[in-house]
Amino acid sequence: MLQTIEPSDEALAGRVAGGDVGAFAALYDRYAARVYAWAAHLLGVAEADDVVQEVFLRLWDRAHQFDPARGRFVAWFGAVARHEIIARARRRGREQRIVAAEEIEELLAHTADPAPSVESRAWSAQRDAALAAAVRDLPVEQRRVIVLAYFGGLSQSEIAAAIATPLGTVKKRTRLALQKLRNAIAEHGSTRASAG
Amino acid sequence: MDHELNEAGEALGAALEARSPHRPPAELRDRVVREAVRRGQRGARQAWLRPPFIVGAAALALLVAASLAWGLSLNAALAQERSLRTQLEDAAAKDEVVFDVVDARNVNKTTLRSTTDDSPTAPYGKVFVRPDMPFIVAMAGRLPEPPAGREYHLYLDARRIGTLTPNDGGFAYFVFRADAVGITYQQARIVLEPPDRTDASGSVVVASPR
Numbered sequence: 004m005l006q007t008i009e010p011s012d013e014a015l016a017g018r019v020a021g022g023d024v025g026a027f028a029a030l031y032d033r034y035a036a037r038v039y040a041w042a043a044h045l046l047g048v049a050e051a052d053d054v055v056q057e058v059f060l061r062l063w064d065r066a067h068q069f070d071p072a073r074g075r076f077v078a079w080f081g082a083v084a085r086h087e088i089i090a091r092a093r094r095r096g097r098e099q100r101i102v103a104a105e106e107i108e109e110l111l112a113h114t115a116d117p118a119p120s121v122e123s124r125a126w127s128a129q130r131d132a133a134l135a136a137a138v139r140d141l142p143v144e145q146r147r148v149i150v151l152a153y154f155g156g157l158s159q160s161e162i163a164a165a166i167a168t169p170l171g172t173v174k175k176r177t178r179l180a181l182q183k184l185r186n187a188i189a190e191h192g193s194t195r196a197s198a199g
Numbered sequence: 063m064d065h066e067l068n069e070a071g072e073a074l075g076a077a078l079e080a081r082s083p084h085r086p087p088a089e090l091r092d093r094v095v096r097e098a099v100r101r102g103q104r105g106a107r108q109a110w111l112r113p114p115f116i117v118g119a120a121a122l123a124l125l126v127a128a129s130l131a132w133g134l135s136l137n138a139a140l141a142q143e144r145s146l147r148t149q150l151e152d153a154a155a156k157d158e159v160v161f162d163v164v165d166a167r168n169v170n171k172t173t174l175r176s177t178t179d180d181s182p183t184a185p186y187g188k189v190f191v192r193p194d195m196p197f198i199v200a201m202a203g204r205l206p207e208p209p210a211g212r213e214y215h216l217y218l219d220a221r222r223i224g225t226l227t228p229n230d231g232g233f234a235y236f237v238f239r240a241d242a243v244g245i246t247y248q249q250a251r252i253v254l255e256p257p258d259r260t261d262a263s264g265s266v267v268v269a270s271p272r
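Chains A and B, in that order, are what the protein sequence lines are.
Numbering-wise, my numbering comes out as the position in the first sequence, counting from 1, plus 3.
Numbering-wise, my numbering comes out as the position in the second sequence, counting from 1, plus 62.
In short, the hints are calculated from the structure, not lab data.
Errors might be hidden in some of the hints.
According to the in silico footprint, chain B covers these stretches of chain A (three or more CB under 8 Å from chain B) [unchecked claim]:
(1) 102-109
(2) 172-185
Looking from chain B toward chain A, a few residues come up when the C-beta cut is under 7 Å (computed) [said to hold, decoys possible]:
(3) 71
(4) 88
(5) 269
Backbone N, C-alpha and C fix where the C-beta goes; we use that ideal spot for every residue, glycine too.
Chain A extracted, bound-state conformation (with noise of 0.2 Å):
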């Protein structure tokens, strides 16, 4: 049997800069939902599809200025959506990013892992099930801040006020749960590949 390749996500950004629609549109496949779920819950479904559209359209016009030299392209893309939707969460207040960081926080730690399918037998779908069982794996106290900043935008002053925390102890967890994440992806590769 014989195994499709799929081409990386950076040879792939580095076609979009040259104007290639079917490589922008792999790209959409692969990072749409992760966009539209992270637009969904913080700012609600009836914004989600336009943030989709504009941190994708940002990613057509700017995919240029990304450099493989200086990181991988999920980083790179991944600071695009957050700069999207977290100027947006920004304009609706504090409280309701505090209160939907939680939110998603929740989902993270109580959601069961979804059964497997046809379609996580690809081996970048089981490299993304592993990174999702590290961050539920988190402690409880780490995963909270780390959700707090990275999804809700939330400065380390601002969680430390949130959850009544001494901000040491804040920015001490954030590391602990950066460090574990940064071994989770380093541990689990970053070729994609699937079965063809």
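Could you slot chain B onto chain A? The hints should help.
Okay, now just chain B, sitting in the frame of chain A:
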């Protein structure tokens, strides 16, 4: 801190996607891609004004002049191979396995040519197999944009092994990994047909000699 958060964002994003009930509506994909195409045409016009383009244009002019002088003695087969190789470097810069195969001394290379058109603008392709690796690299150039509801499928003998999606320049490539080394075949073909076809019953665009 933002940089570190973004580095960890892959895991966080994967976790939320896995557990969230929210999924983008199917029609959103078409809308976003259509808008990108519309913007792309606008961007192409604006590109004429960018300084890097001017430098690139000057370099291109020099390249064209040099190519004209050199090209008089260059045979068509070599020219085709260089073109494919150049486009491959652009498209597959991060896919190291592609170049492990294509650049290997022991690579087996098959050329695919149009079955109906022998003009210099006809589509063409190449398939590369290394006898000591389980990979196949296929690439094609000058492929017209497929009509709606049609795709370019690569067949090795009777087996469809993938889809070629040409970029705006008509170039496409992909890589396969088999379960074992020593892949052999009698004929490679690129066939234009509906996406769900697996029997090579569409139009043969290019093919290798049997």
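Here is how each hint holds up against the structure:
Residue count for the region 102-109 of chain A with a Cβ under 8 Å from a Cβ of chain B: 1. That is fewer than the three needed, and the coverage hint is violated. Counting residues of the region 172-185 of chain A whose beta carbon lies closer than 8 Å to any beta carbon of chain B gives 5, which meets the minimum of three for the stated coverage. Here the hint on residue 71 of chain B is kept, as its CB sits about 4 Å from the closest CB of chain A, short of 7 Å. Of the supplied interface hints, the one on residue 88 of chain B is violated, with its beta-carbon coming no nearer than about 11 Å to a beta-carbon of chain A, more than 7 Å.
Interface restraint check for residue 269 of chain B: the shortest CB-CB distance to chain A comes to about 19 Å, outside 7 Å, so the restraint is violated.
Hints 1, 4 and 5 from the earlier list are contradicted by this structure; the remaining hints agree with it.
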